[in-house]
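Chains A and R, in that order, are what the protein sequence lines are.
Under my numbering, residues 1 to 139 are what the first sequence spells out, in order.
Under my numbering, residues 1 to 81 are what the second sequence spells out, in order.
Hints in this document: simulated from the structure, not taken from any laboratory.
Worth double-checking, as some hints may not be accurate.
Only pairs whose alpha carbons sit at most 20 Å apart, straight line, appear in this in silico SDA-like list of lysine to any residue [said to hold, decoys possible]: (1) R:Lys47 x R:Thr63; (2) R:Lys73 x A:Leu51; (3) R:Lys73 x A:Leu132; (4) R:Lys73 x A:Ala56; (5) R:Lys47 x A:Ala56; (6) R:Lys73 x A:Ile30; (7) R:Lys73 x A:Leu55; (8) R:Lys47 x A:Leu132; (9) R:Lys47 x R:Met9; (10) R:Lys47 x A:Met111; (11) R:Lys73 x A:Pro32; (12) R:Lys47 x A:Pro32; (13) R:Lys73 x A:Thr129; (14) R:Lys73 x A:Pro29; (15) R:Lys47 x R:Met1; (16) R:Lys47 x A:Ala135.
Here are a few chain A residues that face chain R, going by a calculated C-beta distance under 8 Å [what the hints assert, rightly or not]: (17) Leu19; (18) Leu22; (19) Gly33.
Quick caveat, the model's predicted, so the values are computed rather than measured.
We treat Cβ as the ideally placed atom computed from N, Cα and C, and that holds for glycine.
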Amino acid sequence: MTTVIIRTTARILAPFIQLFGLYVIVHGPISPGGGFQGGVIVGASLILLALSYDLASAEARAGHAIRIAMDSTGSLLFAGIGLLSLLAGGVFMDYGIIPLPLPAAQVRALMILLIGMAIGVHIMALVSTLFLHMAEDHE
Amino acid sequence: MGIAEFLLMSLLVVLAVAAVFMRDLLAATVVFMVYSLLMAIVFTQLKAPDVALTEAAVGAGVTTLLFVIAIAKTDRREEDV
Chain A
1 MTTVIIRTTA
11 RILAPFIQLF
21 GLYVIVHGPI
31 SPGGGFQGGV
41 IVGASLILLA
51 LSYDLASAEA
61 RAGHAIRIAM
71 DSTGSLLFAG
81 IGLLSLLAGG
91 VFMDYGIIPL
101 PLPAAQVRAL
111 MILLIGMAIG
121 VHIMALVSTL
131 FLHMAEDHE
Chain R
1 MGIAEFLLMS
11 LLVVLAVAAV
21 FMRDLLAATV
31 VFMVYSLLMA
41 IVFTQLKAPD
51 VALTEAAVGA
61 GVTTLLFVIA
71 IAKTDRREED
81 V
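If we strip away everything but chain R, and leave its shape as in the complex, we get (with noise of 0.2 Å):
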């Protein structure tokens, strides 16, 4: 494995854990759309164009857009319990 896909995978990893943790779900949200772009860019170094172009329209685009309609729907900040 070579450095870059360290990288790449490393911050996917950092990514995965940040959108979880994040208090700010619009803010998460947008985490987990960045996390969807890397996330076809490794499907693409693992020869899986197919995939990767469906990552990329399905899961950084729509899946974002539905995610920031239902925010808008509900509450952005996430309460303590």
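Same shape as in the complex, but just chain A (with noise of 0.2 Å):
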């Protein structure tokens, strides 16, 4: 039973901390934060809306088996990361060895991006899992 305040607040803010949870996964490798701070920033403005609005419009718009996919596909990404400097010859999680045009320096900082992206995802897709699986009744 949320009034038009609730939700009008909540749907004016949740881009805002979405843009931060943005910025800080973004920026984790040159200042606090990362992938999985980001993450959980991003998913707390998804439980923001999912409990200004109702459980069901949350479920309508990004469903179970679209959050389980979300999830899966951050942790293989992070996984497959890894795996390339170990397809490239090196050891798992060496991004210097990375076969790319860029001194070996970029790549790695590179690479640390594309991880906390990874982290990103799977972490938002977890908190917000976590918090519908929760609080829909199981009956």
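With the hints as a guide, bring both chains together as one complex.
See the structure below:
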């Protein structure tokens, strides 16, 4: 039974929270924060929307299958990027050896950024799934 | 240790004890959320902004919501034993 005030406030606030979460994820390698913290912030904005509207509309917008798919995609990307350097002949998550037309330091920075984004997607789907699964009725 | 840090630490101890002894579980959850927020400030003071961001997002945000859902599905008051 949420009022129009709560719904409007949440709707206006949510994009800014998500933008801040994306900022935390993308600036992870050079400033405090990273994939986990940013993912939790984006997931919390989804929880805010689910709280201010109702659970049914949140389920309709991002259903269980979509969230599980994003969750699995994030963790698979995380492991897959780590395995790229193994394929290139190095050790797990030693990105400098990946053959790209860039200096080794830049390849490392790029891969760390990509891994942060993968963790962000994974944690975002995980946190919202945790909330929605606990909140819905199991009868 | 400055006076501000001393006040912050004292308030943390008071809030932690209050969260344990509160009979109303919803009030205990809110007190615990305030404890998490103050803990985030303490982590920032200790030059650990990474931990502070995690504490503010997870401790104050998501954990509180999960506690509130758990209370909504069970009883709000603790019964006298």
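Given the proposed pairing of Lys73 of chain R with Thr129 of chain A, does the C-alpha separation stay at or below 20 Å?
holds, 17 Å
Could you grab the alpha-carbon distance between Lys47 of chain R and Thr63 of chain R and see if it respects the 20 Å cut-off?
Violated - the C-alpha atoms of Thr63 of chain R and Lys47 of chain R are around 24 Å apart, more than 20 Å.
With a cut-off of 20 Å on the C-alpha distance, tell me whether Lys47 of chain R and Pro32 of chain A pass.
At roughly 11 Å apart (the allowed maximum being 20 Å), Pro32 of chain A and Lys47 of chain R satisfy the hint.
Hint consistency between Lys47 of chain R and Ala135 of chain A [alpha-carbon to alpha-carbon, up to 20 Å]:
violated, 36 Å
Quick one, are Lys47 of chain R and Ala56 of chain A close enough, alpha carbons at most 20 Å?
Between Lys47 of chain R and Ala56 of chain A the Cα gap is close to 42 Å, so the pair fails against 20 Å, i.e. violated.
Taking 20 Å as the top limit, are the C-alpha atoms of Lys73 of chain R and Pro32 of chain A close enough?
violated, 36 Å
Pair hint Lys47 of chain R and Met1 of chain R, alpha-carbon separation not exceeding 20 Å:
holds, 15 Å
Straight-line Cα separation of Lys73 of chain R and Leu55 of chain A no greater than 20 Å?
Status holds; Cα separation ~15 Å.
Between the alpha carbons of Lys73 of chain R and Leu51 of chain A, is the straight-line distance 20 Å or under?
Distance ~16 Å between Lys73 of chain R and Leu51 of chain A Cα, so the pair holds.
Given the proposed pairing of Lys47 of chain R with Met111 of chain A, does the C-alpha separation stay at or below 20 Å?
Not satisfied, since the Cα-Cα distance of roughly 27 Å exceeds 20 Å.
Next pair to validate is Lys47 of chain R with Met9 of chain R; report whether the Cα-Cα distance is within 20 Å.
holds, 16 Å
Given Leu22 of chain A as an interface hint, is the shortest Cβ-Cβ distance to chain R below 8 Å?
Leu22 of chain A check fails; min Cβ-Cβ to chain R is 14 Å, beyond 8 Å.
Checked against the numbered hints above, the structure breaks hints 1, 5, 6, 8, 10, 11, 14, 16, 17, 18 and satisfies the rest.
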